[in-house]
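Asker: This is what each chain is made of:
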Amino acid sequence: MSVIVLAEHTQGTFKKKVFEAVQYGAAVAQSMGTTVSVLALGTVSDAEIQGLGQYGAQKVLHVADARLDNVNSRAYTKALVTAAQKENAKVIIALHDVSGKAVAPRVAASLKAGLVAGAISYPDLSKGFVVKKTVFAGKAYAYVNISSEIKVITYMSNTFPVKKGEGSASVEKLDVVFGDKDFAIQVKEVNKVTGAVPLSEAELVVSGGRGMKGPENWGILEDLAKTLGAALACSRPVADSHWRPHHEHVGQTGGTIRPNLYIAVGISGAIQHLAGVNGSKTIVVINKDPEAPFFKAADYGVIGDAMEVVPRLTEAVKKFKEAHQ
Amino acid sequence: MKILVCISPVPDTTTKIAFSDNNTHFNTQGVTFIINPYDEWYALVRALELKEAGVATAVNLVTVGKADAEPIIRKALALGGEEAIRIDTESNDPYVVAAQIAEYAKSQAYDLVLCGKESIDYNNGVVGGMLAEMLDMNYIAFASGLDVANGVATVKREIEGGEETDSCPLPLVVSCQKGMSEARIPNMRGIMAARTKPLKVVPAADIQPLSNIVSYDLPPAKTGVKLIAPENMDELVNLLHTEAKVI
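Residue numbers (my numbering), protein chains in the order written: chain B, 10 to 334; chain E, 51 to 297.
Calculated directly from the structure, the hints in this document are not laboratory data.
Glycine included, each C-beta is placed from N, C-alpha and C at the ideal position.
Some hints here could point you the wrong way.
Reference listing, derived: stretches of chain B covered by chain E, where coverage requires no fewer than 3 residues with Cβ under 8 Å from a Cβ of chain E [to be verified]:
#, segment
1, 31-40
2, 57-69
3, 91-97
4, 149-156
5, 173-187
6, 222-236
7, 262-275
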């Protein structure tokens, strides 16, 4: 019996969310009295892989096949199922991100395993195998019991703090025999947004709504985001009016985010918007309308004109950063 | 080319969520149900566009639900599609939903199966991937663009920090999101036509769930907002540092 974690690298390096998933897997393994293995796919160095030991990985299986450098749900599934069977894994963990969400369901169906998508707790073993997740786009939580022998979890990053420890993982090469069918999907073109913090991973987010009046006023939000090291987001009307690109839209029909800090500027706080952001640890609302419903969901509120308040906040952050360097 | 579109009825986005029976059931009293927006705006409309362009020959809709799901599937038929299939069972285990659809679809030779990237009620987004595995098809998740020519699909999809364009021979399962197509509103002719379109009820296969929801919970209410004067942004920064500890 063991626990296995799928660790996806980004151009040869592991991101923080992968460390968090490995650490989560190690904790789950410990609670079940077993060990955790990690599966790494594609081109990534042994040194990088060994580093996963600092987050609790004892053994890492590595399928060093360059065709796996692009995420492909079929080939990844074959690799993960092969590794899980080799390790006699009873719990399989992937991240609840674009890759994990494409691979985990296939793996679950292949192994006839129940799946919890977007876990935000450790499994409660005293009641079977009960895992907490958000439902109704963050308006509520559900406690889901998996009853199959093998369990699959996609884990929501930014749920538990990452603690770096000591240790080095052993690396074991794993051979997986792929067929042509496994690579039927061919990648024609890749466009990556460089430089910016991806919204889904951002710990700090500055978001603008219709109250910003127009796209020409986004400069002050960009300044604040840059000063904080935050990602930018927006409400649905803003994306629908093409003031901002669609990938910045957060809310029930946009992205769901759970940053440590969400600063909402000129957003009234419709229930659909709140659904996408109410997993944020701290919410600051800046709005000139004291009746804006968002204030009810906020930790800190500023009633005032964004055009005055935001530059003042940016200055205050600058001053703070200089003092705390 | 035959397309199957998976449709899920979900509570309207403005629904206030409440639970009954000691927090073990979602309280549907007074709740308006709609077609899951991702299924409707992106999967279904793109399928219809492909049919209108002469690429697809048929668009069928499928839902897994009891009789109360029928108004939703009729609404979907009002947008388009020749026929709908309702598999007569209810489950919030995504494995059961996928397996029921797979059981039906495996004998129907669909070239393309489309679903939304997730349903806005249980937010799993796993039915598409499970279906692909069960039907032994390729699967592309989070697609924002889809075209088909000569039996090969070209799909634009979201990847970590960007976008990728893939090509893949059919058959294929695609989960759809924003960018696929523009939302449509059904017209009167569509609504009238939908009334007489075939809606087949298929008995459910015997499939045991692998997971179940034990109970629900609502997020703790915020204790109350702390208001800060607009002149005093230093104080806000100070609170974010010392009290909230987020910067």
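Asker: For every hint, state whether the structure bears it out.
Answerer: Taking the hints in turn, this is what the structure says about them:
no.: 1; hint: 31-40; verdict: violated (count 0)
no.: 2; hint: 57-69; verdict: violated (count 0)
no.: 3; hint: 91-97; verdict: violated (count 0)
no.: 4; hint: 149-156; verdict: holds (count 8)
no.: 5; hint: 173-187; verdict: violated (count 0)
no.: 6; hint: 222-236; verdict: violated (count 0)
no.: 7; hint: 262-275; verdict: holds (count 5)
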